[in-house]
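**Student:** Listed below are the residues making up each chain.
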Amino acid sequence: MKLSGFKEFKRNYKRQYKYFLLFGGVALVGFVLFYLYPIIRTLILSFTDTTIFDPEHHFVGWDNYLYALTKDDLFYKSIKLSLIFAICSGVMVLITSLALAMLLNQKVKGIGAFRTIFFLPFIIPAFAVGAVYKNLFNPLTGMINQILALLGVTNMPLWYISPSSALLTMIIISSFGFGVKMLVFLAALQGIPKHYYEVAQIEGASKVRQFFKITLPLISPMLFFNVILITIDGLRAFSLAFVMGNGQGWPSNSTLLFPIYMFMTAYNMPFRLGYAAAMAWLFFLIILALTGFNFLASKFYVQKDIT
Amino acid sequence: MKKIFSIALVIIGIFLIMTALSACNKNDSNTLKIALDIEDRGRYDELFSYFTEKTGIEVAATYGEDISKLVGTADEPDIIKTSSVVVSSMKGSLVDLTSFIEADEQVSTDIYLDSIMEALTIDGKIYALPTSLNTSLLYYNKKLFDVKEQELREAFNLDASQSVYPKPDWDYDDFVKAGVILSEYTIKGDKRVYTQFGCETQLNWWGEWLVYVYQMGGTFYLPNSNNRVSALTSEQVIAATEFFRKKSLGDEHEKFAPDAIEASSAFSFLNGNVAMILGGHMGDWNSYNTIGLDWDIQLLPTPVGKPDAVGGEIAADAFGISARSKKKQVAFEFLKTWAGEEGAKQMYKYGKVGVLKNMEQIINALPEKEQKSIDIGVVFNAIERARTLPNEKDFSKICREKVMTEIYKLMYEGRGSEDDVRVVLNRIKENVDSYYQNLYG
Chain A
1 MKLSGFKEFK RNYKRQYKYF LLFGGVALVG FVLFYLYPII RTLILSFTDT TIFDPEHHFV
61 GWDNYLYALT KDDLFYKSIK LSLIFAICSG VMVLITSLAL AMLLNQKVKG IGAFRTIFFL
121 PFIIPAFAVG AVYKNLFNPL TGMINQILAL LGVTNMPLWY ISPSSALLTM IIISSFGFGV
181 KMLVFLAALQ GIPKHYYEVA QIEGASKVRQ FFKITLPLIS PMLFFNVILI TIDGLRAFSL
241 AFVMGNGQGW PSNSTLLFPI YMFMTAYNMP FRLGYAAAMA WLFFLIILAL TGFNFLASKF
301 YVQKDIT
Chain B
1001 MKKIFSIALV IIGIFLIMTA LSACNKNDSN TLKIALDIED RGRYDELFSY FTEKTGIEVA
1061 ATYGEDISKL VGTADEPDII KTSSVVVSSM KGSLVDLTSF IEADEQVSTD IYLDSIMEAL
1121 TIDGKIYALP TSLNTSLLYY NKKLFDVKEQ ELREAFNLDA SQSVYPKPDW DYDDFVKAGV
1181 ILSEYTIKGD KRVYTQFGCE TQLNWWGEWL VYVYQMGGTF YLPNSNNRVS ALTSEQVIAA
1241 TEFFRKKSLG DEHEKFAPDA IEASSAFSFL NGNVAMILGG HMGDWNSYNT IGLDWDIQLL
1301 PTPVGKPDAV GGEIAADAFG ISARSKKKQV AFEFLKTWAG EEGAKQMYKY GKVGVLKNME
1361 QIINALPEKE QKSIDIGVVF NAIERARTLP NEKDFSKICR EKVMTEIYKL MYEGRGSEDD
1421 VRVVLNRIKE NVDSYYQNLY G
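Protein chains in written order, with the working numbering: chain A, 1 to 307; chain B, 1001 to 1441.
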């Protein structure tokens, strides 16, 4: 006897609900405690004048939001810097991670070792990486300028010392942040059947044509995934900017990415937690809009079925 | 499967209970909690034992934890570290100590330096008791001065019996003259490549620049403006900023400090390749001693023609009681010891100078082995010429975000730099004033 859909669902539910509780419940508790509660609490805080050290706070309505949107020049500056950083470093990371993934997808002796070597730097904490790069890019004693001097460059870049080039330096450094994205691309590349290329080769397609007609369309779902990941990573970038900018957007607010400004507002004098919460919500809306845009744009480049 | 399910459920249950229990606060009425800096680890155990012997109350210290992340949590300490600079922003979490002080015959705030007590008192309420002070001084590396002894003698017309170290009556010309002598460089192409500097340049905070401003007779805010309108385009501030810039970027007869580019390359007093610091921080004394630097202190040099110029900064670390503490009276007992003579003696061992008016006498009465090798009397003379920072809670934010960000651009040459002090100061004034305008209308 075949059960109707609802009855089957009910029977399966009774049989499996405990597994749902076991596996889903724990995650749900974690989500409520560590995500939902802070999100709601931040929303409430954003409508108050709370400071870290003042237990008494007052409801201020939309004041914090209005101040950020109409009066705080550093709010706009930090958003602008974060967007520039996210877009530029995002493009660079996409290019470097895809290029490296393609290299690591070759049949070369010892490829496993190469893969390990390329991924190894990403297990080092970002703070340590930032400190190392700071030494490399030091205009007077750093290795980069010494190499440029050997190549005959006379007008040395000031890298992170000058407000005009500090953000660019950070973008260059972050373009080496390909770790996980490279692995995602590598997995996608390995999933492409080899005979597609063989057929293309027989038909006389060049390597470039193969890349644009076979590789790119087939990895486009992963490309989309990486674009989302990179956009959000870029907008939330904190550790590198904290190290490079001494935790305060140094020099001259030129590396004052939004997360740094928000952190400074909450945890430096005069500790305006409520205002920082409002800024966080405004920023969340910006990230949401950008992610939405990415989803819409994906319709034009993500190929769902190319066969 | 059922067995595995049960085991998994028990494990998760235990995990959740443990998590919940770990969040519970051990509220031991016999223990006081205090959060101290990481470098204070173990330094005050003797003082804590002394207090325990006297009162039977244990003191549990944590080190290196950011107080702003402890407040409001189960780990919030009973005794909270603050300072004369940040107390106005922290007062919401601190108990008003006035009634405790009035009720205790053994305690009087008259024993502390008046300027510091004024800074710790807001609207007539005392929020903290001061423990150790910081005042601006001229720090110098004796070894680097000794190496240049002959040149310094000639430049300052000193005979063999006179010391070549900085004098209390030095003016800026003397400071520059000595600084240039103490700087060393080689010529590479058409550029000077420095290997040693006469003085440090402090760019990460306002300390050094503000000393010049005050000494030149300038102020940060316009008088009677309720600290809402800046006075940063006055002739005195312009002169101070020009001096600050020239010291780092002047020609070979004026430059004796690193510019922003050179400052990023390990030139520092602590590294032993810079001979002096103007301003400095007394909190660094222990580091200087730890690395074996041969150093001493002198009064700040003064602008030419202004031998009585005031303007060094004075501030103090202070401790208050958490508004959420359940042991306020006990905490106050500890605060008395900590901010009293016993605490001051203990802290002096680690290079911290108490804020007590009779601190000089206390130090002089210490046994020979506990005396410092530096001229400690200078600190007490410097205090008389120093002033506290403006009592304005946004002051440090403004200096960080609006002032030093622009001053920085004057401190090097190349892409993104500026060279017109007046233009930069005008921009700073506009930014600072519009900040207050936007904040308060």
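Treat each hint with caution, since some may be false.
Claimed, not checked - Pairs of lysine-lysine, DSS-like flavour, derived with a Cα cap of 30 Å: (1) LYS71/A with LYS1409/B; (2) LYS134/A with LYS1177/B; (3) LYS134/A with LYS1003/B; (4) LYS71/A with LYS1069/B; (5) LYS1003/B with LYS7/A; (6) LYS1397/B with LYS77/A; (7) LYS1369/B with LYS1345/B; (8) LYS299/A with LYS80/A; (9) LYS1369/B with LYS80/A; (10) LYS14/A with LYS1369/B; (11) LYS1167/B with LYS1306/B; (12) LYS1429/B with LYS80/A; (13) LYS1177/B with LYS1167/B; (14) LYS1143/B with LYS80/A; (15) LYS18/A with LYS1003/B; (16) LYS77/A with LYS1429/B; (17) LYS1143/B with LYS71/A; (18) LYS77/A with LYS1069/B; (19) LYS134/A with LYS1409/B; (20) LYS1397/B with LYS1167/B.
Hints are computed from structural coordinates only; laboratory data are not their basis.
**Student:** Each hint: holds or not?
**Tutor:** Verification of the supplied hints:
1. LYS71/A with LYS1409/B: holds, 24 Å
2. LYS134/A with LYS1177/B: violated, 34 Å
3. LYS134/A with LYS1003/B: Violated, at roughly 55 Å.
4. LYS71/A with LYS1069/B: Between LYS71/A and LYS1069/B the Cα gap is close to 28 Å, so the pair holds against 30 Å.
5. LYS1003/B with LYS7/A: holds, 28 Å
6. LYS1397/B with LYS77/A: Holds, at roughly 16 Å.
7. LYS1369/B with LYS1345/B: Roughly 13 Å between the alpha carbons, so the hint for LYS1369/B and LYS1345/B holds.
8. LYS299/A with LYS80/A: holds, 27 Å
9. LYS1369/B with LYS80/A: Judged against 30 Å, a Cα distance of about 59 Å means the pair is violated.
10. LYS14/A with LYS1369/B: violated, 80 Å
11. LYS1167/B with LYS1306/B: holds, 15 Å
12. LYS1429/B with LYS80/A: holds, 24 Å
13. LYS1177/B with LYS1167/B: holds, 13 Å
14. LYS1143/B with LYS80/A: violated, 49 Å
15. LYS18/A with LYS1003/B: holds, 13 Å
16. LYS77/A with LYS1429/B: holds, 19 Å
17. LYS1143/B with LYS71/A: Since the Cα atoms of LYS1143/B and LYS71/A sit roughly 52 Å apart, the hinted pair is violated (cutoff 30 Å).
18. LYS77/A with LYS1069/B: With a Cα-Cα distance of about 27 Å, the restraint between LYS77/A and LYS1069/B holds, given a limit of 30 Å.
19. LYS134/A with LYS1409/B: Within the cut-off at roughly 20 Å; holds.
20. LYS1397/B with LYS1167/B: Since the Cα atoms of LYS1397/B and LYS1167/B sit roughly 35 Å apart, the hinted pair is violated (cutoff 30 Å).
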